[in-house]
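So the protein lines, in turn, are chains A and B. Numbering-wise, the first sequence is residues 1 to 158 according to the numbering used here. Numbering-wise, the second sequence is residues 1 to 105 according to the numbering used here.
Any given hint could be a false lead.
Here are the simulated BS3-like pairs of lysine-lysine, each with C-alpha atoms no more than 25 Å apart in a straight line [to be verified]:
#  : chain 1 : residue 1 : chain 2 : residue 2
1  : A       : K128      : B       : K39
2  : B       : K36       : A       : K70
3  : B       : K11       : A       : K86
4  : B       : K39       : A       : K46
5  : B       : K14       : A       : K141
6  : B       : K82       : A       : K147
7  : A       : K86       : B       : K39
8  : B       : K82       : B       : K105
9  : B       : K76       : B       : K105
10 : A       : K141      : A       : K53
11 : B       : K82       : B       : K14
12 : B       : K103      : B       : K40
13 : A       : K150      : A       : K40
14 : B       : K40       : A       : K86
15 : A       : K86       : B       : K14
16 : A       : K70       : B       : K40
17 : B       : K69       : A       : K40
18 : A       : K68       : A       : K150
19 : A       : K70       : B       : K14
20 : A       : K146      : A       : K40
21 : A       : K40       : B       : K103
22 : B       : K11       : A       : K68
23 : A       : K86       : B       : K69
24 : B       : K33       : A       : K128
25 : B       : K20       : B       : K7
26 : A       : K146      : B       : K103
27 : B       : K33       : A       : K46
28 : A       : K147      : B       : K40
If you're looking for bench data, these hints aren't it; they were derived computationally from the structure.
So you can see what is in the structure, the chains are spelled out below.
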Amino acid sequence: MNTNMKRRVFLKGSLAAGTVGVAVGAGMLAPQAVMAAWPKAGFEAKTIDDALKGALGASGPDHSDAIKIKAPDIAENGAVVPVTIKSSIAGVESIALIAAANASPLVATFIMGDGGIADVSTRIKMGKTGDVLAVVKAGGKLYANKKSVKVTIGGCGG
Amino acid sequence: MAKKSIKIRAKNKKGVTTVKALMNHPMETGLRKNKKTGKKIPPHFIQEVTSTTGGKTVLSANWSGGVSKNPYIAFKFSGGNKGDEITVSWTDNKGGSDSATAKIK
């Protein structure tokens with residue numbers, strides 16, 4: 001039993017190392033592919049503009065009604081706020097999801113791959129009541145829409 | 001840890017594949033405090049999520065600790081045939097990673 005467990009841990013460790021190796025190798029071979037490094041600057045930014053510059057390389061998005069955000073009007077639990085972003089804008093390259101009231105506003109970015117359709121859902125944490133922003137990058141330009149979500153119990157800091 | 005940390009459901013309908021994935025991860029922001037010791041809990045969250053099928057990347061996502069614990073992601077892409085395999089993998093800020101593969105239904 002004991003040896004078996006160890007074997008398992010070992011296998012897991014080597015598997016993880018293998019994946020990282022493959023990822024690095026793929027990055028070297030195909031730098032044009034979507035292998036963008038994790039945009040640290042964007043995620044550590046404290047303002048929305050800085051976050052967008054860090055994540056999408058631009059700021060100052062235009063308002064667009066072609067972006068639809070589906071999120072609850074009132075979130076009972078700020079730790080789990082389901083958000084769906086849809087956009088009918090053509091040629092979407094990436095989507096940034098921002099919770100304006102959070103200490104680090106940028107929550108997630110989604111980068112469209114082959115045949116990607118701008119329709120993504122996830123669940124986010126929200127510290128307090130604020131806007132949820134969806135910023136879509138298409139053709140080098142930024143478009144944004146927002147929705148206000150009222151949070152009754154904060155999700156950050158527990 | 002030995003348990004698979006990703007569950008995937010992928011379904012093709014009229015040429016559009018919808019993928020839903022659930023991952024098991026604590027997603028610590030690094031801002032939370034341990035109530036007993038008063039020390040900050042170090043950040044531990046998924047940074048990158050990638051989904052591939054047939055050698056193509058269909059979606060990649062960069063996350064911060066602002067994504068909920070045990071994250072859920074759903075997305076769509078055009079293409080993908082029934083029976084094709086789709087892989088979802090993640091890497092966290094501590095270098096941990098996992099991936100899982102499912103067949104498109």
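Check the structure against each numbered hint from earlier and tell me which ones fail, lowest number first.
Failing hints, ascending: 2, 5, 6, 7, 12, 13, 14, 16, 21, 26 and 28.
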